[in-house]
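Using the sequences plus the hints, can you model the full thing?
Residue numbers 485 to 869, in my numbering, belong to the letters of the sequence shown in order.
I should point out that these hints are in silico values taken from the structure, not numbers from a laboratory. Even glycine gets a Cβ: it sits at the ideal position worked out from N, Cα and C. Worth double-checking, as some hints may not be accurate.
[What the hints assert, rightly or not] In silico DSS-like links for lysine-lysine, alpha-carbon gap of 27 Å or less:
#1 Lys529 - Lys548
#2 Lys586 - Lys529
#3 Lys842 - Lys852
#4 Lys647 - Lys620
#5 Lys586 - Lys635
#6 Lys647 - Lys635
#7 Lys559 - Lys527
#8 Lys707 - Lys620
#9 Lys635 - Lys842
#10 Lys635 - Lys620
#11 Lys830 - Lys674
#12 Lys665 - Lys852
#13 Lys817 - Lys531
#14 Lys548 - Lys586
#15 Lys866 - Lys621
#16 Lys852 - Lys866
#17 Lys692 - Lys738
#18 Lys862 - Lys620
#19 Lys559 - Lys586
#20 Lys527 - Lys558
#21 Lys866 - Lys558
#22 Lys852 - Lys830
#23 Lys558 - Lys531
#24 Lys737 - Lys817
[Unchecked claim] Simulated DEER-style distance windows between Cβ atoms:
#25 Thr556 - Arg640: 54 to 62 Å
#26 Lys548 - Ile708: 51 to 59 Å
#27 Tyr748 - Ile560: 38 to 46 Å
#28 Thr838 - Asn596: 31 to 39 Å
#29 Ala613 - Ser645: 16 to 24 Å
#30 Asn661 - Ser551: 42 to 50 Å
#31 His747 - Asp725: 16 to 24 Å
#32 Phe605 - Lys665: 39 to 47 Å
#33 Lys558 - Lys665: 43 to 51 Å
#34 Asp725 - Gly581: 37 to 45 Å
#35 Arg667 - Gly581: 49 to 57 Å
#36 Ile806 - Lys548: 29 to 37 Å
#37 Ala613 - His747: 38 to 46 Å
#38 Pro598 - Lys620: 18 to 26 Å
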Amino acid sequence: MGGGETITYLMARHLSDLGHDVTVVTGALDDFQPYKPRVNTEKFKMKYIPGFEQYCVGRGDMVKPLSLIYDTLKKINPDIIHVHNLLPQYLLSPIVGDLNAKIVLSYHNTPNPPLRIIGQFNDYELDYAFASHIFKKTKYDSLVATSDFYKQWGIRLGAPSRKTQLIYSGIDVETFNPSAKRRRDYFRNKLGLNQNDILITLPSRVIKRKGIVEAMRALELLKIKYKDIKIFLPCLYTPFDLPFSRQILKLVKKRQLNSCLVHYKRHISFNEMPLVYAATDITITPSYYEGLGLCVLESLGMEVPVVGTDVSGINEIIVDNINGLLVPPRNYKKLANAISRLIDNKELSRRLATAGRKTVLERFNSIKMALELEHHYKYLLKNEN
Numbered sequence: 485m486g487g488g489e490t491i492t493y494l495m496a497r498h499l500s501d502l503g504h505d506v507t508v509v510t511g512a513l514d515d516f517q518p519y520k521p522r523v524n525t526e527k528f529k530m531k532y533i534p535g536f537e538q539y540c541v542g543r544g545d546m547v548k549p550l551s552l553i554y555d556t557l558k559k560i561n562p563d564i565i566h567v568h569n570l571l572p573q574y575l576l577s578p579i580v581g582d583l584n585a586k587i588v589l590s591y592h593n594t595p596n597p598p599l600r601i602i603g604q605f606n607d608y609e610l611d612y613a614f615a616s617h618i619f620k621k622t623k624y625d626s627l628v629a630t631s632d633f634y635k636q637w638g639i640r641l642g643a644p645s646r647k648t649q650l651i652y653s654g655i656d657v658e659t660f661n662p663s664a665k666r667r668r669d670y671f672r673n674k675l676g677l678n679q680n681d682i683l684i685t686l687p688s689r690v691i692k693r694k695g696i697v698e699a700m701r702a703l704e705l706l707k708i709k710y711k712d713i714k715i716f717l718p719c720l721y722t723p724f725d726l727p728f729s730r731q732i733l734k735l736v737k738k739r740q741l742n743s744c745l746v747h748y749k750r751h752i753s754f755n756e757m758p759l760v761y762a763a764t765d766i767t768i769t770p771s772y773y774e775g776l777g778l779c780v781l782e783s784l785g786m787e788v789p790v791v792g793t794d795v796s797g798i799n800e801i802i803v804d805n806i807n808g809l810l811v812p813p814r815n816y817k818k819l820a821n822a823i824s825r826l827i828d829n830k831e832l833s834r835r836l837a838t839a840g841r842k843t844v845l846e847r848f849n850s851i852k853m854a855l856e857l858e859h860h861y862k863y864l865l866k867n868e869n
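Here it is, written out as structure tokens:
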């Protein structure tokens, strides 16, 4: 139930591959469309709940989705209900006592004090109190945190530490595989790139906290030395924050970066992202904060070198100069310097990229995530207390 679509899908797919019957209850069926061809329909089903998505984003009440979810869960009669995010957990709380199932909670809302905890309310103290109430007062048997950042924040907000389990999110290492680099020219041709162009990709939503402004300021410095440098923002065509995306385009024009910004006038699907990484020379993630940087994992899985910021959620993945480069957040000069190091030192780039793939295989592999989750589910079912 709930958000974190990529993580939810991978959990469900691998658990169904392990022989378990899995149903994803969702109000955002469109978000799962890219995965549908890969769904095992015998073991992996999806149930659409009208009004659920509207409730989760604060645009609808809870009456209709709660009634439909209650009927659905009573019919399925699951052993485990894994709830993703705090609003679905809050929705479930009135009926949980009537369900003969273990409740597992995960959340993907990224706290950023003093601005937000889950982003449900504009008032920070109210947002904090609401999140804390869910962790302290609603019933769940275990909090499964997908990063140490989420684990520590969950405990801080009131989750009992004895109920909290760290199971890192993982990526599909077969989908995000360096073998896709054999098709390096496929997307480069679509983007209109020349053979010698240096492509920097920032694969995140176009919102302020992702460090887009700093990326553009770094690009302004880099283009002095590297005439063929380009930057690609895959999400710019369908921006999450339209006013901010317009601000970025104004900045690009003001700083005379139009020739450096690559435009692609079509939405890029999840299934196309491996080809985007295959076309990329360097990935950057200059975020101000992250829960866990999935795009960092995807890039490392593809053996593309990464420059990230030294913030929680990224520095849980990257060890500076071992499997990537870390720079302070909001510092475009150091970001530019790190990118320049990778451009100038191909051996460094190769070493970091190879180590990055190894990190993903060993620690952030979605199959490993599913096996640990299966083990935890079995533990909960065997232990009433």
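Hints, verified against the model:
1. Lys529 - Lys548: Holds, at roughly 21 Å.
2. Lys586 - Lys529: The hint holds at about 20 Å.
3. Lys842 - Lys852: 14 Å, holds
4. Lys647 - Lys620: With Cα atoms ~12 Å apart, Lys647 and Lys620 stay inside 27 Å; holds.
5. Lys586 - Lys635: 19 Å, holds
6. Lys647 - Lys635: Holds, because 11 Å separates the two Cα atoms, which is no more than 27 Å.
7. Lys559 - Lys527: The given pair, whose Cα atoms are some 16 Å apart, holds under the 27 Å limit.
8. Lys707 - Lys620: 51 Å, violated
9. Lys635 - Lys842: Holds, because 24 Å separates the two Cα atoms, which is no more than 27 Å.
10. Lys635 - Lys620: 14 Å, holds
11. Lys830 - Lys674: 25 Å, holds
12. Lys665 - Lys852: 24 Å, holds
13. Lys817 - Lys531: 48 Å, violated
14. Lys548 - Lys586: OK: Lys548 and Lys586 at ~24 Å, within 27 Å.
15. Lys866 - Lys621: Holds. Lys866 to Lys621 sits at ~24 Å (cutoff 27 Å).
16. Lys852 - Lys866: 21 Å, holds
17. Lys692 - Lys738: 18 Å, holds
18. Lys862 - Lys620: 24 Å, holds
19. Lys559 - Lys586: 16 Å, holds
20. Lys527 - Lys558: Distance of about 18 Å is within 27 Å: holds.
21. Lys866 - Lys558: OK: Lys866 and Lys558 at ~22 Å, within 27 Å.
22. Lys852 - Lys830: Between Lys852 and Lys830 the Cα gap is close to 31 Å, so the pair fails against 27 Å, i.e. violated.
23. Lys558 - Lys531: 13 Å, holds
24. Lys737 - Lys817: Distance ~20 Å between Lys737 and Lys817 Cα, so the pair holds.
25. Thr556 - Arg640: 54 to 62 Å: Given range 54 to 62 Å: violated, Cβ gap about 33 Å.
26. Lys548 - Ile708: 51 to 59 Å: 57 Å, holds
27. Tyr748 - Ile560: 38 to 46 Å: Given about 41 Å between the Cβ atoms, the range holds.
28. Thr838 - Asn596: 31 to 39 Å: Once the Cβ atoms are compared, 33 Å apart, the range 31 to 39 Å for Asn596 and Thr838 holds.
29. Ala613 - Ser645: 16 to 24 Å: 21 Å, holds
30. Asn661 - Ser551: 42 to 50 Å: With Cβ atoms ~44 Å apart, the hint holds.
31. His747 - Asp725: 16 to 24 Å: At roughly 18 Å between Cβ atoms, Asp725 and His747 fall inside 16 to 24 Å, so the hint holds.
32. Phe605 - Lys665: 39 to 47 Å: 45 Å, holds
33. Lys558 - Lys665: 43 to 51 Å: This hint holds: roughly 49 Å between Cβ atoms.
34. Asp725 - Gly581: 37 to 45 Å: Distance hint for Asp725, Gly581 holds at roughly 40 Å.
35. Arg667 - Gly581: 49 to 57 Å: 53 Å, holds
36. Ile806 - Lys548: 29 to 37 Å: 51 Å, violated
37. Ala613 - His747: 38 to 46 Å: 44 Å, holds
38. Pro598 - Lys620: 18 to 26 Å: 21 Å, holds
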